[in-house]
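S.K.: What follows is the residue order along each chain.
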Amino acid sequence: MDSNLAAGLAMIGAIGPGIGLGIGFSKAMEALGRNPEAAGAIFVPYILGLALTEAIGIYCLVVSLILIFAGG
Amino acid sequence: MARFAWVALITLAAIGALALFITTPPAEGASLIHVAIGGEKLLTVGSFEVTNSMVGAVLASLLLLAAAWYISRRSALIPHRLQSLLELPVEWVAGIVEGSTSRWRGYVALVIGLFLMILVANWIGLLPGVGTIGLKETVDGHEVVVPIVRPAAADLNFTLGLAIITFVVFVWWGVRINGPVGYLKELVGEPRYMAPLMLPIHLISELSRLVSLSMRLFGNVFAGEVLIATMLALTTATFFVLPFALFVPAIFLGLELLFGAVQAIVFALLTMTYITMAIAEHDGGHEPEQERREDHPESDTHSAASPA
Numbered sequence: 067m068d069s070n071l072a073a074g075l076a077m078i079g080a081i082g083p084g085i086g087l088g089i090g091f092s093k094a095m096e097a098l099g100r101n102p103e104a105a106g107a108i109f110v111p112y113i114l115g116l117a118l119t120e121a122i123g124i125y126c127l128v129v130s131l132i133l134i135f136a137g138g
Numbered sequence: 049m050a051r052f053a054w055v056a057l058i059t060l061a062a063i064g065a066l067a068l069f070i071t072t073p074p075a076e077g078a079s080l081i082h083v084a085i086g087g088e089k090l091l092t093v094g095s096f097e098v099t100n101s102m103v104g105a106v107l108a109s110l111l112l113l114a115a116a117w118y119i120s121r122r123s124a125l126i127p128h129r130l131q132s133l134l135e136l137p138v139e140w141v142a143g144i145v146e147g148s149t150s151r152w153r154g155y156v157a158l159v160i161g162l163f164l165m166i167l168v169a170n171w172i173g174l175l176p177g178v179g180t181i182g183l184k185e186t187v188d189g190h191e192v193v194v195p196i197v198r199p200a201a202a203d204l205n206f207t208l209g210l211a212i213i214t215f216v217v218f219v220w221w222g223v224r225i226n227g228p229v230g231y232l233k234e235l236v237g238e239p240r241y242m243a244p245l246m247l248p249i250h251l252i253s254e255l256s257r258l259v260s261l262s263m264r265l266f267g268n269v270f271a272g273e274v275l276i277a278t279m280l281a282l283t284t285a286t287f288f289v290l291p292f293a294l295f296v297p298a299i300f301l302g303l304e305l306l307f308g309a310v311q312a313i314v315f316a317l318l319t320m321t322y323i324t325m326a327i328a329e330h331d332g333g334h335e336p337e338q339e340r341r342e343d344h345p346e347s348d349t350h351s352a353a354s355p356a
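Residue numbers (my numbering), protein chains in the order written: chain U, 67 to 138; chain R, 49 to 356.
Incorrect hints may have been included.
What the hints assert, rightly or not - Taking lysine to any residue and the SDA-like style, the derived pairs with C-alpha atoms no more than 25 Å apart in a straight line are:
{"id": "1", "chain 1": "R", "residue 1": "Lys184", "chain 2": "U", "residue 2": "Lys93"}
{"id": "2", "chain 1": "R", "residue 1": "Lys184", "chain 2": "U", "residue 2": "Val129"}
{"id": "3", "chain 1": "R", "residue 1": "Lys233", "chain 2": "U", "residue 2": "Ala136"}
{"id": "4", "chain 1": "U", "residue 1": "Lys93", "chain 2": "R", "residue 2": "Phe307"}
{"id": "5", "chain 1": "R", "residue 1": "Lys184", "chain 2": "U", "residue 2": "Ile134"}
{"id": "6", "chain 1": "U", "residue 1": "Lys93", "chain 2": "R", "residue 2": "Val106"}
{"id": "7", "chain 1": "R", "residue 1": "Lys184", "chain 2": "R", "residue 2": "Met279"}
{"id": "8", "chain 1": "U", "residue 1": "Lys93", "chain 2": "R", "residue 2": "Lys89"}
{"id": "9", "chain 1": "R", "residue 1": "Lys184", "chain 2": "U", "residue 2": "Glu96"}
{"id": "10", "chain 1": "R", "residue 1": "Lys89", "chain 2": "U", "residue 2": "Tyr112"}
{"id": "11", "chain 1": "U", "residue 1": "Lys93", "chain 2": "R", "residue 2": "Met279"}
To be verified - Just a few of them, taken from the derived set where beta-carbon distance is under 8 Å, the chain R residues facing chain U:
{"id": "12", "residue": "Leu57"}
{"id": "13", "residue": "Thr59"}
{"id": "14", "residue": "Asn268"}
{"id": "15", "residue": "Phe270"}
{"id": "16", "residue": "Ile313"}
{"id": "17", "residue": "Leu317"}
{"id": "18", "residue": "Leu318"}
{"id": "19", "residue": "Met325"}
Bear in mind the hints are in silico, worked out from the structure with no lab data behind them.
In this text, all values refer to a predicted model and were calculated from it rather than measured experimentally.
Beta carbons: idealized from backbone N, C-alpha and C, even for Gly.
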């Protein structure tokens, strides 16, 4: 019971990466709107940036999954 | 088209009627879903335990081997339909890697291999029957189904193994390009008197790549598994009230198709970027580098970002 509550609390940390992903995505779309020909050049840094931002949210997820499945 | 829609509706209704008979409400106290965080043991050969995620990984390897065997046997200069389908991802990833450094030929095979392996391993998890067909076993007093096949990336052992390969390769490239002394200098940092502070930071940042690579893939794929299992459990629980609720897990299956591909791209591109950073970290203008650039003038542009 306690570990389930802790797992829920751990997912509060997903707020930050959520905001960060939104900012990154909106900037990428702005860049695409300004210069549609640059879609190929934007793609790789965009995917990498989103992946690195998302990793922080995934850490929260892993912590809460460990708390649910392996915690006491 | 209309006939197809009727066939689909009748099939769906038949599946629903079947599900009515098969579905049994969970026993009192038992949880609605059962998802194990790691691979589960299927059988033991000597002291070697075969887990269901191993089955998934071997299945993905066999699929890729069969595709490679087919394409090497039957490839033609003018590709037929299946050949161009199989060549499409390879050419796409190779095109991206080509723009990274002038030495891209040294690691393009690793990047393509990682991409294809993770892609196939992820998409195997979406096939019907995977994760649902299994052996009945008794764990902690109540019966659970241990699936025979489990998507390989939903096991931390698989993703950590891939991340260790990536780690070894990019450290090897760094040592090879900069030399052992140059690599250590890179770890120590630029103002030499800051070394006691910077060395641990650099070491931790190198090692955190290992953790983040493996955890990202594992977390995404495992969360997808839990999501689909939860959605299936919820919709089978409400099946009597809302018969068409079976469409809901289908939406998430489509999403997982997208996420599986995205995570494969992310892992491959991060591998490429780490190797690119290890190569381009130190060369201001080595002689062989200059010569090679003249050979490939178009590969001068660095399309990869430099992540923190």
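S.K.: Under the criterion of a CB-CB separation shorter than 8 Å, is R/Leu317 in contact with chain U as hinted?
M.R.: Where the cut-off is 8 Å and the nearest Cβ of chain U is about 6 Å from R/Leu317, the hint holds.
S.K.: Mind checking the alpha carbons of R/Lys184 and U/Glu96 for me, to see if they're no more than 25 Å apart?
M.R.: Given pair R/Lys184, U/Glu96 is violated - Cα atoms ~53 Å apart, limit 25 Å.
S.K.: Under the criterion of a CB-CB separation shorter than 8 Å, is R/Met325 in contact with chain U as hinted?
M.R.: Status violated, d = 11 Å.
S.K.: Using 8 Å as the Cβ threshold, decide whether R/Phe270 counts as touching chain U.
M.R.: With Cβ-Cβ at 7 Å, under 8 Å, it holds.
S.K.: Does the nearest C-beta of chain U fall within a distance shorter than 8 Å of the C-beta of R/Thr59?
M.R.: 35 Å, violated
S.K.: Using the nearest Cβ pair, does R/Leu57 come within less than 8 Å of chain U?
M.R.: Result: violated, 37 Å to nearest chain U Cβ.
S.K.: Check whether the Cα positions of R/Lys184 and U/Ile134 lie no farther apart than 25 Å.
M.R.: Satisfied, since the Cα-Cα distance of roughly 23 Å is no more than 25 Å.
S.K.: Is the shortest C-beta separation between R/Leu318 and chain U less than 8 Å?
M.R.: 6 Å, holds
S.K.: Does R/Lys184 pair with U/Val129 here, judged by a C-alpha cut-off of 25 Å?
M.R.: Roughly 29 Å between the alpha carbons, so the hint for R/Lys184 and U/Val129 is violated.
S.K.: Against chain U, run the beta carbon of R/Ile313 and see if the smallest gap drops under 8 Å.
M.R.: For R/Ile313, the interface hint holds, since the closest Cβ of chain U sits about 6 Å away, which is under 8 Å.
S.K.: Decide if the proposed pair is consistent with the structure: R/Lys89 and U/Tyr112, CA atoms, cutoff 25 Å inclusive.
M.R.: Measuring from Cα to Cα gives roughly 39 Å; hence the hint is violated.
S.K.: Within 25 Å, alpha carbon to alpha carbon, are U/Lys93 and R/Phe307?
M.R.: 21 Å, holds
In this structure, the earlier hints numbered 1, 2, 3, 6, 8, 9, 10, 11, 12, 13, 19 are contradicted, and the remaining ones agree with it.
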